[in-house]
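Quick mapping for you: the protein sequence lines, in order, are chains A and B.
135 is the number that our numbering gives to position 135 of the first sequence; each next residue is one higher, with no gaps.
159 is the number that our numbering gives to position 159 of the second sequence; each next residue is one higher, with no gaps.
In case anyone wonders, no lab produced these hints; they're calculated from the structure.
One thing to keep in mind: the hints can contain errors.
Straight-line alpha carbon distances no greater than 25 Å define the calculated DSS-like cross-link-like pairs of lysine-lysine that follow [unchecked claim]: (1) B/Lys115 with A/Lys243; (2) B/Lys302 with A/Lys231; (3) B/Lys302 with B/Lys289.
On the chain B side, residues computed to face chain A include the following (Cβ under 8 Å) [as the list claims (entries may be wrong)]: (4) Leu38; (5) Ala96; (6) Asn110; (7) Tyr112; (8) Gly114; (9) Ala118.
Every residue, glycine too, gets a C-beta built ideally from N, C-alpha and C.
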Amino acid sequence: MIKLTPRAQASAKWGYLSPVLAVFLTLIAATVLFWGLGKDPQLALYTFFISPIENWYGITELLVVAIPILLCAYGLALCYRASIWNIGAEGQLLLGAVVATTMALKFVDSDSLWAMPLVLLAGMVGGMLCSGISAFLNLRLNCNETLVTIMMNYIALNTLLWAVYGPLKDPSGYNFPESALFGDSSLLPILFEGTRLHFGLLLVILALVIVWVFMSKTFLGFQIKVLGLDKPAARMAGFKEKKLAAMVFLVSGALAGLAGAVIVTGSTGQLIPAISPGYGYSAIIVAFLGRLHPVGITLAGLLIALIFMGGEMSQMVLQLPRAITGILQGLILFFLLSCDVLIRYRIVFTVKLPGFTAAAKH
Amino acid sequence: MDIDLVTNILYAMIMTGTPLLLVALGEMVCEKSGVLNLGQEGMMLMGAVAGFIAMYHTDNHFIGFIAAILVGIAMSLLFAFIALNLNANQVAAGLALTIFGTGLSAFLGNDYEGKQIAVLPSLSIDALQSIPLIGKPLFGQNAIVYLSWILVIVVYLFFRYHRQGLSVRAVGEDPSVASNLGLPVMFIRYLSVIFGGAMAGLAGGYLSIAYTPMWTEGMVSGKGWIALTLVVFASWRIERIILGAYLFGFASIMHLVAQGLNWDVSSNLLAMMPYVATLVVLVMLSRDKQRLKLFEPMALGKPWHRSS
């Protein structure tokens, strides 16, 4: 028999080991999955996890995918630290892209230096608009934040569709649901010749540093942590609970909106319906897998980006549907939650033998 | 507005509200036992894809629905193991279930997009169907719609009159006390979660076999999440779920209404209606926090570990 006995104190060691173990278990599950689908596991694993980043171009592509995921995940981590179950990064990203596009289309024929910062700012405003509504409904009107943010995701998605089929559609685009192509002044500069890796990477690094310093070095970051761990204590200490929560909502919205702006200005160069294959949802997994720590999140984000690319690669090479990406992401989260049990509980194997009972602790 | 239009709107409202009714019923039972399963969306997607595949290969609607239910149950067991046995955070475990179900259903259904199956015939009661206005909406539906009504009645009676209905609620209010009284807390919670999974699977199957009938990736499009709101809307009262489900059904068919009334509104904006309606309902419900807490099962979403 296997029994769980509560630990006296949460295990810090397992806090770090659990994500590693979860990734390891996911790899095993992936191997079994590939084998079950009749593919050579060794070739499949190689195709999925190694071939996308074999060369310099692959690595830059990995970073391109990771950029929006990471921006969203840093923001979500702030929310989760405050125990706010915001799962609205996807909607905030989409609305950010819509507002950024609206701004970018004003600069199609202009080479103003203001274009780029204004477009990025517009994206952040779009994301903040989306998360601001969620924050208002949650903090002022007491609505459950999970339900509110998921509904906002669907509303934002339909807003995006409405925009590309309606007001933002390119008049000379043969009726395709696409916006006009952006002008050069509102396209993010490419960092390395011959790749698609754009300036967004520097924004990610900036966000990483700011969020890290904010979380670990400022009083506000400390207050957010207390709020998440012990609400009554935060109240007793006189922390402004609602203001903190609203700020966290808005910051995460701004980051997700920035991610949307970065996608349209860096990768697609126009607004199309399919700007995000669920980056905002993946960011939830990334935030948890990274233990809500900016550095952990960065590593987790790169891993999830690799899984996105692996899905594409295995579609081309192994003729497997790219939806395998979603399966692996779900599995990682399952394994992570399962392994997290080791933080709070000790697993005890009790062996029952006839005549006596021996308990062995592992 | 002519009477045919009203009849058709009522008919479509009930048809569209049925999957919501089924999932919300399952989730309510689950929540009554104190377990919050946010994985409805994922379980519905899996039910939809499983039902469609089974139907496609056997051309038998019954087998399709059974497959949908079984797969829904399998998904709920996965959740139950992580949330109940491993005591994971139920919100996170439910989210994981949805993400996993979304991915797995897209994977399994990849080869079935755009395939055709025979539509589930309606099981009309001819004599009653000719009643003006309410005849077609009430008596011209398919078998699953009638089944959903039977299920509502059965669940209502179970909680109202059966001893074990009280056990489920006891477990949801205070699992430790229930356990001390000798109730098998884990067993009851497992059964409740399984019922929720079966209902979500059936609802998904309804979407892909009876309602559309086809499979497209992500076709549940938030209905699982709306159902979670419905449970709150109904303040965990079974009879109110019917009202809520059909109201949301109405919000989902606004494009039909607009068409009938010759409104010129973008279809994408109309597609937003169910989600906007959900937010409006949430706002109205949540104004009074104390009142909401009154109806909510006390132990909802709280992990419980038997300390022996």
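Hints, one by one, checked against the model:
1. B/Lys115 with A/Lys243: Between lysine 115 of chain B and lysine 243 of chain A the Cα gap is close to 52 Å, so the pair fails against 25 Å, i.e. violated.
2. B/Lys302 with A/Lys231: This hinted pair holds, its Cα atoms lying about 16 Å apart.
3. B/Lys302 with B/Lys289: Within the cut-off at roughly 19 Å; holds.
4. Leu38: This hint holds: leucine 38 of chain B lies near chain A, its Cβ roughly 7 Å from the closest one there, short of 8 Å.
5. Ala96: Holds - the Cβ of alanine 96 of chain B comes within 8 Å of chain A, reaching about 4 Å at its closest.
6. Asn110: 4 Å, holds
7. Tyr112: 11 Å, violated
8. Gly114: 14 Å, violated
9. Ala118: 26 Å, violated
Hints 1, 7, 8 and 9, counting from the list given before, are not met by this structure.
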